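Line by line, the protein sequences give chains A and B.
Add 1 to a position in the first sequence, counting from 1, and you land on the number used in the numbering used here.
Add 962 to a position in the second sequence, counting from 1, and you land on the number used in the numbering used here.
Derived from the structure by calculation, the hints contain no laboratory data.
Bear in mind the structure is a predicted one, so any value in this text is a computation, not a measurement.
Be careful, since some hints might not be right.
[To be verified] Just some of the chain B residues that point at chain A, by a computed CB distance under 7 Å:
#1 Lys-968
#2 Leu-1104
#3 Leu-1137
#4 Glu-1142
[Claimed, not checked] What the simulated footprint calls covered on chain A by chain B, stretch by stretch (three residues with Cβ under 8 Å from a Cβ of chain B suffice, anywhere in the stretch; the number is not a length):
#5 99 to 105
#6 164 to 171
#7 187 to 199
#8 263 to 271
We treat Cβ as the ideally placed atom computed from N, Cα and C, and that holds for glycine.
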Amino acid sequence: MPEDINLEIFNADPITEDVSDAAPQAGTEAAPKTYAPLDAAAESQADLSAEMKSIGEAYAKALKDGAPAEIQPRLDYAPYRSSVLRHPTKDLHHADPETIELYSPAFGHMDVHALESDLTIQHNGEPLGERIIVSGRVLDGDGRPVAGQLVEIWQANSAGRYIHKRDQHPAPLDPNFTGVGRCITGADGSYSFTTIKPGAYPWKNHLNAWRPAHIHFSLFGQEFTQRIVTQMYFPGDQLFPLDPIYQSIVDQDARDRLVATYDHDLTRPEWAIGYNWDIVLTGSKRTWTENEAFGTAGDDSE
Amino acid sequence: MNNTTKLTPTPGQTVGPFYGYALPYEKDRELLAPGSPGSIRLQGTVYDGAGHPIPDAILEIWQPDSDGNVVHRTGSLVRDGYTFTGFGRSAVGNTGVYTFTTVNPGPTEPGAAPFISVAVFARGLMNRLFTRVYLPENEEALAADPLLSSLDPERRSTLIARRDADGGLTWDIRLQGEGETVFLDFEGSGRPEGAASGGAAQ
């Protein structure tokens, strides 16, 4: 274990592996398997892909019959086995946001060091892999910049390994890469991270299940109701059609909103490949003040 | 940017299994130091549809101070032990239990029922869920609350914490099944998010 990796991160609350609570597939015949199951992740990609295809076709038909586009992932998406027992079965209850919900926690530049947005300088040497710059803007549904708010990211290293004791993927840890970054958005809602392109990794939802390369993003917005956690993907990934987490967003236009764009203007000569990804949070329900619109809501500026 | 143009929100995705080295931070669940005057413990367990505790969920709370003020103050990530910012984050442990040290929220308006706003994230949960936890006291305010009064009694009870002997609050979250917690949609235009989630069809 390299000494400059903080051991505390290996002692975080443990989690179960993704397959541990996977529910048995309801209502399907036990099809003869043509492979020897290696572990609990025994269902084939072909089985999973058929399920995803069937859901996709039903959605396409509903769209054609006039149903509205589904812009968020389905909470109930059985091909992601862990979702089976973890989705509410009742409709979300409509509520009008009240006072506290119309504000977001405040984060200031004092909370986050400027260097935390560069994931390649957190240790003593250069991480292995393809250096990338990921930049974009965070906007609300009315197109206003979400300024002065915390953006957190986390990701696997270039070999597809997370710094997490429950990640048992036999790919190397990188002593120079932890895969955690933070920044505060600028007055125009902009953010920028320098990092390493993450690798794909296996996750045992089914046999031979691999996640497309992705970076996790956590975003707050100006109101608590805008809070989201999501994932950014890379263009052209061959694993998209096979991945139940990506496919849980059944609408292709909606899926496309999670895929970054290669940006040659962000790409820096002899240094890093650039990707652009803009993030849109929900609309604002509160009347903004001039002060907030220019991103000076935090009290760091005083 | 044309401010009248509505942009379509970016979809959410599961927080995944491996947030555990990224999102938690020192004193993340201590909105103020344990043992501080006025501090209480808010605790509970997160359950799945089989009634099993979920060991890999993470909760966030956001609340007014004990006088009902929305403090809107920085300092949640680097706690000094004195500044109350109203925000906290707690990953559940192996047994599915979360804990916050906080204060009883005050009413943000005279006569309003005080509550803490909650966001729930978990592996296997495709998108975060919002909910609220209300204080059990002041029946009159609870009865007048617009959200609580729109729910039938059984569902309503899922949003009200129990007062512990030590003055703390216990409130469990059930993602599915008997006693399923009421989760909220704030969009209020077009199709409810629940319908888009496929929930209506189940």
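Hints versus structure:
1. Lys-968: Holds, about 6 Å.
2. Leu-1104: At 14 Å from the nearest chain A Cβ, B/Leu-1104 fails the 7 Å test, so the hint is violated.
3. Leu-1137: Holds. Min distance 5 Å.
4. Glu-1142: holds, 6 Å
5. 99 to 105: n = 6 at 8 Å, threshold three: holds.
6. 164 to 171: With 4 residues in contact (Cβ-Cβ under 8 Å with chain B), the coverage given for the region 164 to 171 of chain A holds.
7. 187 to 199: With 0 residues in contact (Cβ-Cβ under 8 Å with chain B), the coverage given for the region 187 to 199 of chain A is violated.
8. 263 to 271: It is violated, with 0 qualifying residues against the three required.
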